[in-house]
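Visitor: These are the residues of each chain, in order.
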Amino acid sequence: MIEVKQIQKSFGKVQAVKDVSFVAQDGQITGILGPNGAGKTTTLRVIYTVLNPDGGSALVDGFDVRRDPQQVLRRIGALPDAHGLYPRLTARENIRYYGELHGMSGKALEDRIQSLAELLDMGEFIDRRTDGFSNGQRVKVSIGRALVHDPQNVLLDEPTNGLDVMSTRAMREFIRSLRDQGKCVLFSSHIMQEVSALCDRIVVISGGVVAANGTPDELRKATGKENLEDAFVAAIGSEEGLTK
Amino acid sequence: MKRVWIVFKKEVLDNLRDRRTLSSTIISAFFTPALLLGLIVVLGRTLNVNPDEKALRLPVSGGEYAPGLIDFLEQNNVEIVAAPADPAAAVKEGNEEVVLIIDPGYPEAFLAGEPAPVEIYLDNSRQSSSASIQRVRGLLQQDSGMLGMLRLQARGISPSLLSAISVGVRDVATPESQALIFLNMMPFLITLNLFAGGMNVIIDATAGERERGSLEPLFINPVKRWEFVIGKMSASLPFAFVTLGLVLLIFYIGFQIIPVEEYIGFSMSLDGRSLFNIFLLCIPEVLLAGALQMLVASFTRSFKEAQTYLGFLPLIIGLPSMFLTFMPVKSQMINMLVPTYGQSLLFNQILRGESVPVEYWVTVSLTTLALTVVLTVVAIYLYKREQVLFAKA
Chain A
1 MIEVKQIQKS
11 FGKVQAVKDV
21 SFVAQDGQIT
31 GILGPNGAGK
41 TTTLRVIYTV
51 LNPDGGSALV
61 DGFDVRRDPQ
71 QVLRRIGALP
81 DAHGLYPRLT
91 ARENIRYYGE
101 LHGMSGKALE
111 DRIQSLAELL
121 DMGEFIDRRT
131 DGFSNGQRVK
141 VSIGRALVHD
151 PQNVLLDEPT
161 NGLDVMSTRA
171 MREFIRSLRD
181 QGKCVLFSSH
191 IMQEVSALCD
201 RIVVISGGVV
211 AANGTPDELR
221 KATGKENLED
231 AFVAAIGSEE
241 GLTK
Chain B
1001 MKRVWIVFKK
1011 EVLDNLRDRR
1021 TLSSTIISAF
1031 FTPALLLGLI
1041 VVLGRTLNVN
1051 PDEKALRLPV
1061 SGGEYAPGLI
1071 DFLEQNNVEI
1081 VAAPADPAAA
1091 VKEGNEEVVL
1101 IIDPGYPEAF
1111 LAGEPAPVEI
1121 YLDNSRQSSS
1131 ASIQRVRGLL
1141 QQDSGMLGML
1151 RLQARGISPS
1161 LLSAISVGVR
1171 DVATPESQAL
1181 IFLNMMPFLI
1191 TLNLFAGGMN
1201 VIIDATAGER
1211 ERGSLEPLFI
1221 NPVKRWEFVI
1231 GKMSASLPFA
1241 FVTLGLVLLI
1251 FYIGFQIIPV
1261 EEYIGFSMSL
1271 DGRSLFNIFL
1281 LCIPEVLLAG
1291 ALQMLVASFT
1301 RSFKEAQTYL
1311 GFLPLIIGLP
1321 SMFLTFMPVK
1331 SQMINMLVPT
1341 YGQSLLFNQI
1351 LRGESVPVEY
1361 WVTVSLTTLA
1371 LTVVLTVVAI
1381 YLYKREQVLF
1391 AKA
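The listed protein sequences derive, respectively, from chains A and B.
Okay, so the first sequence: first residue is 1 according to our numbering, each after it adds one.
Okay, so the second sequence: first residue is 1001 according to our numbering, each after it adds one.
One chain only, chain B, in its complex shape:
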């Protein structure tokens, strides 16, 4: 046990003197919060500006064929302008969000009581135009429906016959839960940081030793391999925890400084208690990351190779949490049996301000620790093989 401490002490000192380790710790700690807060500032504005407040600028050609429709649009806060010569190109290039073309056959069809042809040009792939497109479509449908009803009534038929089902929509999304699209990204970002913090230490202590040729002389010391594995693995932990703590701290400060409310239209809270709980939840996950990195590093021949493989690890491990960004799932006990995924679900819940059941917390931590032990045992076995010196896996 004493030798574990000696190995730990040496690796920590060695890595504290390494600019590569320190800069990667600090840069990654700043990068994540900066990314998320940046997204809030940039995306928050485009997504959340209320489209009904502004007049919608709509290029129209053939307005003279449908004066009734034009009147209706103008009454609904639409500013009618002349359409460009080539509407398809204008929309495609993004000069216009949406263009309305009224067919010369409109008056004739309208008078005959047939569907009167109009066309709208739009680009569905352009996120920022979606509000304008929806508004134009809605207004056209509204006008069409109103005229249809008038026609039915003129023929003595009740328009309500047309509606077989009456749909009432009640949107229960609170402003805060809309803001969670941003918070939903956090589990993934936290997973990334968990792995990033200790990665360089592990690489330096494994593939780095091999590349420098210092592994063979090291193994000619009366130290058991498990002592080396545990010592080197634990040396990564202080770096991982400091990185994680920094990330959460910068998040906290960022949310205090940046007027988030101004950008997304409502307040989004991220209090110290939630962040502290997240940190606690992360502890077993950091241990797991260390064991997994140690194991994978046993196969790598050089610093660069180790960086490549270990760099991919968090992306693979974080994949489930990345899905959570787009489709949040309610946590269930069964999910708690899956290390890292279980934590991500709970991070999400904490960020939503919901309470986390203690048994969930305990279960996910225990399964994570169990997996850590298994991986560590496998890693020790791998470092006992003589091939580890030459890394011919």
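Looking at chain A on its own, in the form it has when it is part of the complex:
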């Protein structure tokens, strides 16, 4: 479970996140939706501890990101916006490196990599060096290494960016399967259809604040719009920056 409480974060004079609070429950897919520059990535970065919030806090399974970053990191797997691989290592070696950093080793680690390879359909390229991989293959390896330690909380920053239709579909299936295993899945997107197709709960962020928060039905009710897209626009207050 991830609890975000009134976090704030500025970069110089730019206040990227002004006041964001929400809760992402286990066994649910929580989507953070918002236009580009709304503060989605900054919020996720605070949760996975690479940024310190200026104010407020975030808890992962009850551990504070500022006080117990190591505990938080053990309980999350994240696919950040930038997810470069090591081109001179094979896909398997890339994943193994992260597994070892999580304290895994030996047969347990190798078995886990093998099952991830099957789950993410990486069999064909698992032992190839990642130099020259397609976007879809890269994302698969990145997800594999992020989930190698089987974390309870999964954070995905725009996971379908740059993926083709087939890969996007597979990604959605995969996200649903994580939810069905009882994981807490938090993912950000600026694509409305994707959020509406996947999410149990939606947090709409705009200009660094939460504009709306609830299930798709709740959102429709709160804004009085039948169509989810219109509901988003109503919640944000403008059509600016919201891509279809």
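A hint or two may mislead.
[Said to hold, decoys possible] Covered, in the sense of this in silico footprint (three residues per stretch, anywhere, with C-beta under 8 Å from a C-beta of chain B), are these stretches of chain A: (1) 47 to 56; (2) 100 to 106; (3) 205 to 219.
Hints are computed from structural coordinates only; laboratory data are not their basis.
Just so you know, even glycine gets a beta-carbon here, dropped at the ideal spot from N, CA and C.
Go by the hints and put chain B onto chain A.
Guide: Showing chain B alone in chain A's frame:
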């Protein structure tokens, strides 16, 4: 600690597969000894050919005005030839090393007992002519002095009155210490190599990670920043030590194969023991180089930027040792408090075949290690900042 090892292992494997790292290791290892031995072969010959053995070819114009001087020159192994029409141009273009012009007023002044005018054309900026120039000047002075003395004696005055001081020169330079101009370059070259060996590994593990976008996901692992810094830094060490070892080994082999004696006229020894001692002295310096590179790399945004900054580091650090090439200093305890400079002084001493006091060795190694620890702590602090992900220093 286990995670330091994991990071180390991964970086070493990754860089072993990198052609850029391997080729830079090997090329730099070969480059330095090749440069130095090349200099010995090329410069050794020009600087050390004994000029007195050959007749000096001297273009002279107006020889007919001073037959006595011409006789004197010819007796001193000078081959007199006709001067070119434009002596200044001939010297400037390097066609002649030095040209002697005897003024038509020479006989008249000579007979009157006044200084008789002659001119020599020379180009002081031309190193290779310096021996010929000195020889011509010396011979002219010798002739002038001799004639002056004869004149004084003819007037009943003792010529020794003219010399208020009698200067005796004893040159204690042995052939070996002359050869040290070449060996004096070694401390600087070794410093360069110390930095070159591990540089690519550090860049790849820092700015390279950032450029590939693999740093952010890496930091989402339950690993403390100091573990990353130490792991990545230590991954550069095997590469640095192998480079350094190769350089010293190639030096050793080069000095065995190339007949150095033939080129510079005397033997120059560089035995295995000296080289091994140099390697040992280098160990703390290699650690220092790693820490410094790690620190500087934390500010760089891209591979190229890191290469630029880290490439300058050895030049700045090596500056004092470069001065040593031209003005060797006797080592003192106080110098041992300055990391890298202290080592360079000791390299020099080892190469001269002098013994190195153990306390010097210990002091310079300890100060170097102390500085390494300080730099590492600063580097860890820098990698803890969140800006390190975005490198907006």
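Visitor: Of the hints stated earlier, which fail here?
Guide: Number 3 only.
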